[in-house]
Amino acid sequence: MNAAAVKPYGDTLNDGAMQMSFTLPMEFSEAANEAARQLVVKMGFKDVAVAEGRAIADGFSFFVVYAKTPQAVDVSAIGAHAVRESSLSMDEADALIRERVKRKVRVAGACIGTDAHTVGIDAILSMKGYKGNYGLERYHEFETFNLGSQISPEELVRFARDKAIDVILASQVVTQKGSDIANFTALGELLEAEGLRERILLLCGGPRVTNLMATELGYDAGFGRGTLPSEVASFIARRMAERARANV
Amino acid sequence: MNAAAVKPYGDTLNDGAMQMSFTLPMEFSEAANEAARQLVVKMGFKDVAVAEGRAIADGFSFFVVYAKTPQAVDVSAIGAHAVRESSLSMDEADALIRERVKRKVRVAGACIGTDAHTVGIDAILSMKGYKGNYGLERYHEFETFNLGSQISPEELVRFARDKAIDVILASQVVTQKGSDIANFTALGELLEAEGLRERILLLCGGPRVTNLMATELGYDAGFGRGTLPSEVASFIARRMAERARANV
Amino acid sequence: MKLELDPGVIARCCELAGAIAEPVSDFIAAHSTVAVERSVLRLCGVDGVTSDDVPLPNAVLDRLPAALREGGVARAFGAGLAHTGLDSLGLAGAIARGELTFDLFSAVRETAARSAATAQVTRGLERVRAARETRAEALERLPQEPPPLLYVIVASGNIYEDRTAAVAAAQAGAQIIAVIRSTGQSLLDFVPFGATTEGFGGTYATQENFQIMRAALDEVSQRLGRYVMLTNYASGLCMPEIAVMAALERLDMLLNDSMYGILFRDINMKRTFVDQHFSRMLNAYSGIIINTGEDNYLTTADAVEQAPAVLASQFINEEFAHRAGMEDAQIGLGDAYEIDPDLTDGLLFQLAQAQLARQVFPKAPLKYMPPTKHMTGDIFKGHLIDAMFNLTSVTTRQQIHLCGMLTEAIHTPFLADRVLSLENARYVMNTARHLGDEIEFKRGGIVERRAQDVLRGAAALLESVAERGLMRAIEERTFADVSRSPDGGRGFEGVFERAPDYWNPVEEALQRQPVTA
Amino acid sequence: MKLELDPGVIARCCELAGAIAEPVSDFIAAHSTVAVERSVLRLCGVDGVTSDDVPLPNAVLDRLPAALREGGVARAFGAGLAHTGLDSLGLAGAIARGELTFDLFSAVRETAARSAATAQVTRGLERVRAARETRAEALERLPQEPPPLLYVIVASGNIYEDRTAAVAAAQAGAQIIAVIRSTGQSLLDFVPFGATTEGFGGTYATQENFQIMRAALDEVSQRLGRYVMLTNYASGLCMPEIAVMAALERLDMLLNDSMYGILFRDINMKRTFVDQHFSRMLNAYSGIIINTGEDNYLTTADAVEQAPAVLASQFINEEFAHRAGMEDAQIGLGDAYEIDPDLTDGLLFQLAQAQLARQVFPKAPLKYMPPTKHMTGDIFKGHLIDAMFNLTSVTTRQQIHLCGMLTEAIHTPFLADRVLSLENARYVMNTARHLGDEIEFKRGGIVERRAQDVLRGAAALLESVAERGLMRAIEERTFADVSRSPDGGRGFEGVFERAPDYWNPVEEALQRQPVTA
Ligand code: B12
Ligand code: B12
Ligand SMILES: Cc1ncc(COP(=O)(O)O)c(C=O)c1O
Ligand SMILES: Cc1ncc(COP(=O)(O)O)c(C=O)c1O
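Protein chains in written order, with the working numbering: chain A, 1 to 248; chain B, 1001 to 1248; chain C, 2001 to 2517; chain D, 3001 to 3517.
Rather than coming from a laboratory, the hints here were simulated on the basis of the structure. Just so you know, not all the hints are guaranteed correct.
Claimed, not checked - Derived SDA-like pairs: lysine to any residue, alpha-carbon spacing no greater than 20 Å straight-line:
#  : chain 1 : residue 1 : chain 2 : residue 2
1  : B       : 1131      : D       : 3344
2  : C       : 2442      : D       : 3304
3  : B       : 1046      : A       : 104
4  : B       : 1104      : B       : 1046
5  : D       : 3373      : B       : 1091
6  : B       : 1104      : B       : 1244
7  : B       : 1128      : B       : 1091
8  : A       : 104       : A       : 116
9  : A       : 46        : B       : 1176
10 : B       : 1163      : B       : 1128
11 : B       : 1128      : D       : 3299
12 : B       : 1131      : D       : 3434
13 : A       : 131       : C       : 2304
14 : B       : 1131      : D       : 3376
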């Protein structure tokens, strides 16, 4: 593999082969098959084979296409967007906070906006945790507040101010029509407006969150699908420790 | 729907949404997820969401991606590449030949090269036919020769000359490494070289054949997956009738 | 294919459900809610919004002094009708605009007020009855395909795209279409108005949206020669009002659970108990089949562990439905295929659970929910898990079959996702059509023992709930591992005690009407 | 889970298979073929190609005068060894280059010739035995997972890409890897040589390619802690030679059918019968499991109609295998899941057929083939059909399970296709692991009646074949709807009658060796 030009692999290195499927809003016919083929050609693919084309409803046709992309990606240039590396154990994280921060870290989490999907944020916060990995409530050095679901940014910010929260964990699972971005943005802006942003470690998460997206939104980090509580705990412990050192 | 700019349909007109999946020859990691995303962005897609990324073997990662294409296709400009339109009934096709050609049409079919997939060509030629649609052997006005499988272009051309064949039906099912194109091309060139091309109606077929591809290869027509014998019979009857008229 | 289950344990569970519901029924009988009163207004013909978009039923009720409210809005509103001679819409508009106030009608005689209100309610209920008859006639003329009835959701946020999606789904074999609501609607203490095109994760439930979908489905039903059913969601702060709208617009099913709002939306439990009862009386009358929400227990907690809670909840939901006058055939008890797909012999456990529900509630049209929790971005694997779900459903003869989507973990369904999902169900259910008739489970085998364990577990759970009372049991995290207090949660302020002279002509009419199958 | 089958009918089928094979065995005993003789040369150590790329075994045999050939190549070649004192390779090279001719060795004494040849053959068979022992030891040390053993194919055309693909598949759970041959190889009357990178629809079967794959799989077996098996294809014009190569390079399975070449490749039937017998004797000795090709009947004709022919062919294949000294545990009889997926209750028919084979051949490791014919470009539907196949396989306890590919109708598998396919099988077989232990089929139900019908149909078919003789029956389109004449087809010129003094030391050795389990 040439890291500077990685291409999809079908059955031969660099063949660029991939699968796709899509619907066209047109009646099915041989012409629709050809339309599908031309469309994929326009996207820049080579060797376009329409493996399946058929009517799925009046005015709609469905296609399965195999084709080859000439594109390649330089993976050596991909920065470490990863936040989920080399987790500390629970004891290590607690120890780090105890030694450096020298007080409990106050964490508030919520599923914001009208989103009611609490399973994800619960997985991170609750004692039980996720996949056998304990949640933040179990750590000695965290004081956690799980506000639950459907919490407006206003409510969360008010809570953070009133309870002198150090870390905010905001979750978004529903992403339709960009509602996640809108809510995350609102929260960030509100914290700024209230002059709290500096003081608070602001993290977000959810199945569609990436660290890249989170940092672009001005968050300190973002955690995606499959996150383990210990990954979040480690990140918080390290950052809080850094901040404590900076403030000395 | 605007026929001049048809785009894939996810759940909203013109959203351009489509699904794709592919393998990258690299170890799985968060960076691989990002590589997948960047690759799809490079292909020109918007709103790229890597829904799934995981290790499938040492050095290989698999991805399921949803994304939106800005491309659209002008379907009003798609010519009638269709050869499979308005079939004649068996009686009509027979009658057309009887009246215009005034003799039986001699058809030879084979699965050429090393390809041994006879089911497709048998479906077109044999009495039994395909999906309840009778094959060419059942027509009064065709004299058919089914040469079977693994017939070299040389053999087929020799047979065509010796038996004064009017129509050649060449089938190709195996397409790996372009073997179908190679064999079809060889057959066409050989007929040219032998001075038979003019005289003979040259058709090809197979699951990956399109009429467009066939005409590009210099064939009179090409028939893809799901072809019915009557569609082939109709095409032959009409073309033979035209030729008979032209020769008057 | 029958599992050996102890009929004594089943009978005991029914008895316990009765004992659990009894004190709650007493509470219900003594209370009303703002949503119940707004429903009465809606049945009187109050609909529309004020110039600042407040729904008229809310605007009218908000102007009703608390003292009068305790007697029921019907009397006060009836007095207004009698006093002014206006029709319901005219009167409601005038009240909403502040042109008239309720104190103006205080002199109206009780009988005049009652008869004015009764006339309106009768007209409203007449429309409901007519819708029911239209449905019966349509089902006769355009018979559905045999169950499992394939049920899919549309949820684009835009009612017009939803309509396109619903028609396409019907053509692809769907027999039931549900329009999923926008996130957060269930927490609104009013029902939005008009056709809507902007929802998140779903489309607002409004009466006009109901109409748009019903018309489109009637049209496609006609074309396909089979009646396609329409479903929406009742549970939430407006449970009774949505029941009215659904009854008027001939929806065929409604999500309606006696505890869902409490557990999963933190809606006050007293509010929910009163609302569910009134809404179910209406459902009973309108011939709507309810869908309960036991599947939700399985999305938040482990499906193997939660199975007894699911069954216990089914008994409770059934009991409350019976108490509201619903027939067995209207009670779509929820169940779901949520066991970890990677558990060895998971399919056997699923078969056990599905067959158990089938045998315990032989006449109820169970609503069987697909795998959701364990679906991931791997659409290929997801499609297979759905196939095993489809197989389980046809084998155990489920009736209402919510089709799983291969993209469950990714987005609300695309048009093609729904088609692939329907094709999955149709393929599997056809190739395995009579498998359930062909096989017997081994006596004392994994499947049978599992079913017996779950049944015993449910009985034990119900015993403990009966002992403590339902409200305390909920407070003590008996269901779905959440605790709710009797006076906490949303919408509590909308619950009030009925005055001794409380009058509700809708309730009276519904209690009088014998339910006709 | 047992179907009630008449043991009398089964016994009768075995008897008929014996009667059918008997006259063919007589024919076999009296004949040899060029491929058999080349195999003897290969076992003597003749390998490599001439300067114009003719494989040495072919080059040597081509120079052997017909009269000598009838006595068996071993004697003539042995004479050459004795005469020249060269080793096999040296002698073969010299003969191929025309530096030596067979007439030079005519004076060599019979015993000298025989002992020279025998020494070589013994060395060859010694290598085979060692390979067998290595396999036994590896299986002991690196036990496989319990069946169904997941089997996938690699077929890129390039042995090095195939190796990558095979290792990846093993990591994804494959227990058996088959390298599919290039189209047309089975019609070549020689075996290509060396590592190859250009095949169509498959990769050439060469001894070096075998080595490359075996080494890669040994390495990954070690890493995974479970032995991964390797398979290739014998049937074709070089059936016995490929059996030799496979035995030497420790392949674990071989496609080997007593009639496949005749029916599906138009290879002469006499040639095939002789070749299959010799190759199977070698397979028996090398501990290789054969895979027969009954699945092919179902890809060209209707699977419901062809079921009796499949069973009849299984009886015949079993009989021929026994006659070559194979044990039941080595006879992987073919079967397939090829019924139209859109047939109502198709799954029930598939269960019937799979369970029937399981009960009729209780000790044979059936090779269960996936749906191929009805697979289309709709990969989503295809994945589901494969899931039902996987379910049927685990429920009826098949042993060798060829995994279906969702892209079956499109291309030879991509690396990820194979992974998705293995995940499909692993998911379904795990979630339904003990389903077969849990269920009983209803007496006299659809499944049982179907199995009984197929069994009776097979018996009737075997009766009619026994009456007419196998060769005539084949001519009369009894199998797969094709007619082949005894002296027609490819490779007939390579069949010859044995002279009275025909001598074949390999055959002798193999017949002497008791097979060790
Ligand atoms: C369970 C579930 C529900 C339950 C929620 C119960 C509850 N209390 O949470 C119920 C049934 C109530 C529900 C309802 C709805 N749901 Co829902 N639901 C799901 C489901 C099946 C699983 C979600 C889940 O629990 N995942 C498991 C957890 C552990 O994973 P996770 O959320 O990704 O969390 C992990 C990481 O992301 C991360 N993480 C998450 N948050 C955070 C935060 C921080 C700070 C950090 C560090 C990490 C972190 O850590 C977690 C552990 O690794 C998904 C489909 C699916 N399979 O994904 C649909 C899904 C999320 N739901 C969906 C929808 C639309 C709804 C509804 C809006 C439908 C409706 N209109 O009725 C409603 C409304 C709810 C509302 N108001 O929000 C859609 C969202 C579509 C989209 N992309 O916009 C999905 C994808 C289904 C679908 N395909 O339509 N749902
Ligand atoms: C049946 C089958 C076989 C049978 C063939 C039996 C026979 N006598 O035909 C057997 C088991 C022998 C076989 C063997 C092999 N097969 Co095969 N086989 C298939 C299978 C399952 C079905 C093909 C079929 O019968 N389709 C049904 C017919 C009716 O459809 P059709 O061919 O498309 O024909 C229709 C139209 O295309 C058209 N048509 C076709 N030809 C013509 C010609 C004319 C003139 C016209 C007008 C129309 C026309 O009309 C027909 C009716 O509508 C496909 C997978 C699949 N599901 O498609 C693989 C497949 C075609 N096989 C494949 C391969 C690789 C092989 C082998 C090479 C594997 C091997 N190395 O052992 C061998 C070798 C055979 C050889 N030398 O060619 C690959 C080809 C991959 C590729 N794209 O290159 C496939 C796609 C499977 C796979 N995914 O690997 N195969
Ligand atoms: C019984 C019941 N009611 C209502 C809902 C939906 O409610 P909401 O709109 O609050 O998400 C569900 C969701 O699954 C349900 O099961
Ligand atoms: C028993 C048997 N042998 C051989 C083959 C393959 O032979 P060929 O290489 O001729 O395609 C098959 C194919 O399925 C088979 O079933």
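How the hints compare with the structure:
Annotation: proposed proximity of residue 1131 (chain B) to residue 3344 (chain D) holds, straight-line Cα distance about 18 Å (limit 20 Å). For a cut-off of 20 Å, the pair hint linking residue 2442 (chain C) to residue 3304 (chain D) is broken: about 29 Å separates their Cα positions. In summary, the hint linking residue 1046 (chain B) to residue 104 (chain A) is not supported, as the alpha carbons are separated by about 43 Å, beyond the 20 Å threshold. A distance of roughly 58 Å separates the Cα atoms of residue 1104 (chain B) and residue 1046 (chain B); the hinted pair therefore is violated under the 20 Å criterion.
Our distance criterion of 20 Å between C-alpha atoms is broken by residue 3373 (chain D) and residue 1091 (chain B), whose separation comes to about 31 Å. For the suggested pair residue 1104 (chain B) and residue 1244 (chain B), the alpha carbons sit about 12 Å apart, so the restraint of at most 20 Å is met. Between residue 1128 (chain B) and residue 1091 (chain B) the alpha-carbon distance is near 17 Å, which keeps this suggested pair within the 20 Å criterion. With a C-alpha separation of about 28 Å, the suggested pair residue 104 (chain A) and residue 116 (chain A) falls outside the 20 Å cut-off, and the hint is violated.
Restraint check: the Cα-Cα separation between residue 46 (chain A) and residue 1176 (chain B) comes to about 15 Å, which is no more than 20 Å; the hinted pair holds. Between residue 1163 (chain B) and residue 1128 (chain B) the CA atoms are separated by roughly 24 Å; this puts the pair beyond 20 Å, and the hint is violated. Note on residue 1128 (chain B) and residue 3299 (chain D): the hinted pairing holds, with a Cα-Cα distance of about 16 Å set against a maximum of 20 Å. For the hint linking residue 1131 (chain B) to residue 3434 (chain D), the alpha-carbon distance of about 39 Å lies beyond 20 Å, and the restraint is violated.
The straight-line distance between the Cα atoms of residue 131 (chain A) and residue 2304 (chain C) is roughly 16 Å, inside the 20 Å bound, and the hint therefore holds. Straight-line distance between C-alpha atoms of residue 1131 (chain B) and residue 3376 (chain D) comes to about 15 Å, which keeps the hinted pair within the 20 Å bound.
Hints 2, 3, 4, 5, 8, 10, 12 from the list above are not met by this structure, while the remaining hints are.
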